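Asks: Protein chains in written order, with this note's numbering: chain A, 1 to 378; chain B, 1 to 527.
Derived from the structure by calculation, the hints contain no laboratory data. Everything numeric in this text was worked out from a predicted model, so none of it was measured.
For the chain A half of the interface with chain B, some residues (derived, Cβ under 8 Å), not all of them:
hint, residue
1, N28
2, I47
3, G55
4, D75
5, E87
6, G206
7, H233
8, G234
We put the CB at the ideal spot given by N, CA and C, even for glycine.
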Amino acid sequence: MMFIKRIFAALIACCVSLPLFAGWGDVNMTPGVNALSREIFDLHMTIFWICVVIGALVLGFMVYLIVAFRKKEGDKPAQFDDHPVLEMTWTVLFAVILAVMAIPATFTMIRAYDDAEGDINILITGHQWKWQYEYLEDEVSFFSNLATDLDQRNNIAPKSDNYLLEVDEPLVIPTNKRIRFLITANDVIHSWWVPDFAVKQDAIPGFINTAWTQVDEEGIFRGQCTELCGQYHGYMPVVVKAVSPEDYDVWVNEKKEAKIQQALLTEKLWSTEELYEIGEGVYQTNCVACHQVNGEGLPPVFPALAGSDLVLNDKAKQIEILMEGVQGAAMQSYAEQLSEVDIAAVITYTRKAWGNDASGDGEIVIPKEILDYKNNKL
Amino acid sequence: MSAVIDSHSDDHHHGPAKGITRWLYTTNHKDIGTLYLWFSFLMLFLGGAMAMVIRAELFEPGSQIVSPEFYNQMLTNHGLIMVFGAVMPAFVGLANWIIPMQIGAPDMALPRMNNLSFWILPVAFGILISTFFMEGGGPNFGWTFYAPLSTTYAPPTVTFFIFAVHIMGASSIMGSINIITTILNMRAPGMTFMKMPLFTWTWLITAYLLIAVMPVLAGAVTMMLMDIHFGTSFFNAAGGGDPVLFQHIFWFFGHPEVYIMILPAFGIVSHIIETFSRKPIFGYTSMVYAIASIAILSFIVWAHHMFTVGMPIAGELFFMYTTMLIAIPTGVKVFNWLSTMFKGSISFETPMLFSIAFVALFTIGGLSGLMLAIAPADFQYHDTYFVVAHFHYVLVPGAIFGIIAGVYYWLPKWTGNMYDEVLGKTHFWMSFISVNITFFPMHFVGLAGMPRRIPDYALQFADFNMVISIGAFIFGLTQLLFLFVILKSIFAGKQATTEVWEGAKGLEWTVASPAPYHTFETPPEVK
Numbered sequence: 001m002m003f004i005k006r007i008f009a010a011l012i013a014c015c016v017s018l019p020l021f022a023g024w025g026d027v028n029m030t031p032g033v034n035a036l037s038r039e040i041f042d043l044h045m046t047i048f049w050i051c052v053v054i055g056a057l058v059l060g061f062m063v064y065l066i067v068a069f070r071k072k073e074g075d076k077p078a079q080f081d082d083h084p085v086l087e088m089t090w091t092v093l094f095a096v097i098l099a100v101m102a103i104p105a106t107f108t109m110i111r112a113y114d115d116a117e118g119d120i121n122i123l124i125t126g127h128q129w130k131w132q133y134e135y136l137e138d139e140v141s142f143f144s145n146l147a148t149d150l151d152q153r154n155n156i157a158p159k160s161d162n163y164l165l166e167v168d169e170p171l172v173i174p175t176n177k178r179i180r181f182l183i184t185a186n187d188v189i190h191s192w193w194v195p196d197f198a199v200k201q202d203a204i205p206g207f208i209n210t211a212w213t214q215v216d217e218e219g220i221f222r223g224q225c226t227e228l229c230g231q232y233h234g235y236m237p238v239v240v241k242a243v244s245p246e247d248y249d250v251w252v253n254e255k256k257e258a259k260i261q262q263a264l265l266t267e268k269l270w271s272t273e274e275l276y277e278i279g280e281g282v283y284q285t286n287c288v289a290c291h292q293v294n295g296e297g298l299p300p301v302f303p304a305l306a307g308s309d310l311v312l313n314d315k316a317k318q319i320e321i322l323m324e325g326v327q328g329a330a331m332q333s334y335a336e337q338l339s340e341v342d343i344a345a346v347i348t349y350t351r352k353a354w355g356n357d358a359s360g361d362g363e364i365v366i367p368k369e370i371l372d373y374k375n376n377k378l
Numbered sequence: 001m002s003a004v005i006d007s008h009s010d011d012h013h014h015g016p017a018k019g020i021t022r023w024l025y026t027t028n029h030k031d032i033g034t035l036y037l038w039f040s041f042l043m044l045f046l047g048g049a050m051a052m053v054i055r056a057e058l059f060e061p062g063s064q065i066v067s068p069e070f071y072n073q074m075l076t077n078h079g080l081i082m083v084f085g086a087v088m089p090a091f092v093g094l095a096n097w098i099i100p101m102q103i104g105a106p107d108m109a110l111p112r113m114n115n116l117s118f119w120i121l122p123v124a125f126g127i128l129i130s131t132f133f134m135e136g137g138g139p140n141f142g143w144t145f146y147a148p149l150s151t152t153y154a155p156p157t158v159t160f161f162i163f164a165v166h167i168m169g170a171s172s173i174m175g176s177i178n179i180i181t182t183i184l185n186m187r188a189p190g191m192t193f194m195k196m197p198l199f200t201w202t203w204l205i206t207a208y209l210l211i212a213v214m215p216v217l218a219g220a221v222t223m224m225l226m227d228i229h230f231g232t233s234f235f236n237a238a239g240g241g242d243p244v245l246f247q248h249i250f251w252f253f254g255h256p257e258v259y260i261m262i263l264p265a266f267g268i269v270s271h272i273i274e275t276f277s278r279k280p281i282f283g284y285t286s287m288v289y290a291i292a293s294i295a296i297l298s299f300i301v302w303a304h305h306m307f308t309v310g311m312p313i314a315g316e317l318f319f320m321y322t323t324m325l326i327a328i329p330t331g332v333k334v335f336n337w338l339s340t341m342f343k344g345s346i347s348f349e350t351p352m353l354f355s356i357a358f359v360a361l362f363t364i365g366g367l368s369g370l371m372l373a374i375a376p377a378d379f380q381y382h383d384t385y386f387v388v389a390h391f392h393y394v395l396v397p398g399a400i401f402g403i404i405a406g407v408y409y410w411l412p413k414w415t416g417n418m419y420d421e422v423l424g425k426t427h428f429w430m431s432f433i434s435v436n437i438t439f440f441p442m443h444f445v446g447l448a449g450m451p452r453r454i455p456d457y458a459l460q461f462a463d464f465n466m467v468i469s470i471g472a473f474i475f476g477l478t479q480l481l482f483l484f485v486i487l488k489s490i491f492a493g494k495q496a497t498t499e500v501w502e503g504a505k506g507l508e509w510t511v512a513s514p515a516p517y518h519t520f521e522t523p524p525e526v527k
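The task is simple: from the sequences and hints, build the whole structure.
Replies: Dropping the structure here:
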């Protein structure tokens with residue numbers, strides 16, 4: 001009953017709210033927050049109204065035809081079948097209308113294609129299914145994962161306001177600075193879109209595309225991946241946080257400090273429990289999409305980890321897979337994405353969880369081993 | 001020519017073979033047309049069922065009935081089946097039935113190849129659908145199957161998908177060779193090109209488009225096959241290849257393909273509007289030239305599907321301008337249809353209702369297409385539900401309404417019985433209302449920022465998605481009524497006259513209803 005009520009409410013809401021336009025933002029493009037996005041919005045509205053007028057005239061004329069020329073007793077339909085002057089006239093008219101649209105569109109296009117250097121240049125790399133941000137000047141780099149948990153997605157917990165549009169670590173940019181994005185991908189094609197910036201650029205492996213923005217106001221701006229990139233395409237949002245230049249500097253310094261702290265952690269003595277606990281968190285964020293919560297995977301594309309011979313008995317090979325990825329498969333290299341501690345922890349977790357502890361050699365991996373692997377490669 | 005016709009006149013009354021062999025071995029254009037039409041109807045329901053799964057999953061935010069992986073399989077196969085299984089075979093079926101009768105030919109020019117081009121289709125779709133029961137599941141990379149998602153990262157069943165696409169392509173190529181040969185060689189004496197009925201004209205041009213682009217599609221899938229199994233790197237950047245090359249090749253096929261799915265509908269609608277307005281079609285010559293220009297332009301607009309891949313600005317502007325040009329011939333056609341109705345004497349039987357809805361809703365789809373052509377604005381529209389709304393407006397109330405209108409229009413000629421007009425009109429109104437409830441709100445969620453091809457969405461899109469899903473369920477159920485109307489007309493109904501419709505013009509309306517198994521064994525004279 002509740003259900004039917006909701007359906008009914010939705011239908012009524014639709015019919016009533018359409019003419020009232022309760023929220024213009026719910027039915028129209030956002031004007032966005034910078035000069036380019038506002039210019040594109042204005043262009044959109046211009047074309048939109050031209051199309052509405054043409055559409056209204058055509059549909060209105062159709063209604064007139066339907067009413068005025070419906071068949072009546074004994075009427076004689078006209079038999080003309082062309083009118084060259086009229087036909088030429090409307091052909092030219094169409095061309096003129098199109099030219100009116102094409103001219104402003106051309107100028108906007110030229111402005112959107114400005115690829116001069118930015119004050120800040122950020123390399124954005126699309127991965128299945130997360131974004132990596134590297135600040136080229138400041139040498140800060142991190143991954144941005146979906147933060148909405150599975151309980152919300154599975155309708156167990158109530159959905160938060162920013163359901164599917166929230167990440168663990170947003171891209172941070174300063175206001176009033178020219179930001180240039182260099183966009184590429186690591187595996188399949190993705191597309192990086194923030195509607196408020198009017199930036200949508202495909203992230204293509206082997207290519208580096210550019211886009212730019214300059215934001216006048218502080219705020220949090222949300223977007224999504226817009227190119228089908230595999231099963232979790234719908235779960236890789238983009239979140240950008242624009243802060244004042246001062247706050248931005250503070251943030252960059254914090255990130256640099258954290259990087260140093262992270263390096264020190266590899267030297268620390270770790271207990272199995274500590275690693276297991278960290279590993280479980282890392283696994284939830286990075287691995288469950290393919291290998292599933294229960295470690296059973298989705299064979300044959302995503303192999304099981306629970307009971308896998310490799311996970312049970314071949315520690316060295318497992319480290320290698322985490323560090324190098326698997327050629328020709330969805331498994332990517334995590335050497336850049338995760339810290340030494342996280343990699344050691346997540347391997348430890350997979351070797352201990354789901355009963356693997358009992359059936360395998362049960363050895364753990366400590367961060368030092370990951371560091372050694374990296375150093376040996378150099 | 002005359003020798004062939006003479007030898008046939010001896011067994012003038014021989015009818016179809018009995019039982020299943022009639023359909024397996026048939027070389028009769030009417031039988032093969034019927035097979036194509038029933039096959040496409042089956043595919044319409046299969047692809048439609050997949051759409052229902054998609055809409056059920058999107059009914060509310062959160063995971064509903066299927067996994068994201070299966071959702072991707074659904075959206076991929078919904079697209080593939082509707083394009084290659086429903087719309088294209090339906091048009092080929094109509095062509096088989098109607099073109100020989102419109103041009104006064106006894107049959108298609110290559111009847112045995114006609115049989116083959118139909119019977120490999122069920123094989124192709126059998127292969128495609130069988131992948132659902134294999135390890136790894138069916139194709140899940142979208143009907144546009146962009147590499148490397150469809151190569152390196154595809155499920156192992158992609159090889160079956162490639163094979164199926166090859167067979168579909170072969171079927172289309174054979175079908176179009178047959179249609180071209182028939183039209184060029186077998187027109188009745190006196191039927192010059194500029195006297196040809198418009199449905200025949202649109203199909204002649206469509207068939208050339210098919211022959212031009214189907215091999216390109218075959219090339220694209222062959223390169224995928226090589227990348228997957230033979231170590232080449234056409235689309236693999238790591239090996240020196242180019243993932244964007246795939247998109248260029250695909251859309252060089254894909255854009256003419258879009259017109260392949262709409263041009264024959266233009267022809268059908270032209271006939272119907274002319275018949276039910278009781279007035280000759282306005283601007284026949286400009287109609288033919290408009291269709292030809294749309295076909296030629298379709299080869300130089302493909303990259304408007306790729307405005308966000310990072311083309312140089314010269315490319316963006318070129319494809320924006322050429323795409324906008326398409327609005328001219330399309331606008332000419334719409335105005336010609338309206339002028340045909342002007343000062344006519346219009347009645348509103350079901351085919352006419354569907355045709356008027358076609359013109360109105362296709363205009364909406366055309367205008368949103370014009371908006372999408374504006375490259376900088378497309379940065380915001382691209383790959384959102386606005387695009388989904390646009391192409392469904394031109395394909396569902398466009399191509400599919402055109403097909404439905406054609407079926408109602410010619411059904412009495414096929415079955416010999418009038419369909420049930422009340423049920424037909426009910427079918428129309430239910431379809432017309434629900435198709436708009438389904439696809440119109442997609443414009444809104446698209447502009448508001450909902451990307452396409454996602455199995456779950458943010459909360460601000462929830463209300464409209466529920467409305468869309470309800471509309472889709474109504475539209476889906478309504479098509480069962482269409483099936484019922486057709487079955488009813490096969491088994492019962494008022495006897496149709498030879499002319500069927502007051503004001504119908506053309507040779508197909510000079511043969512008895514139902515059309516005899518063999519027609520025009522002696523060519524008619526066209527003045």
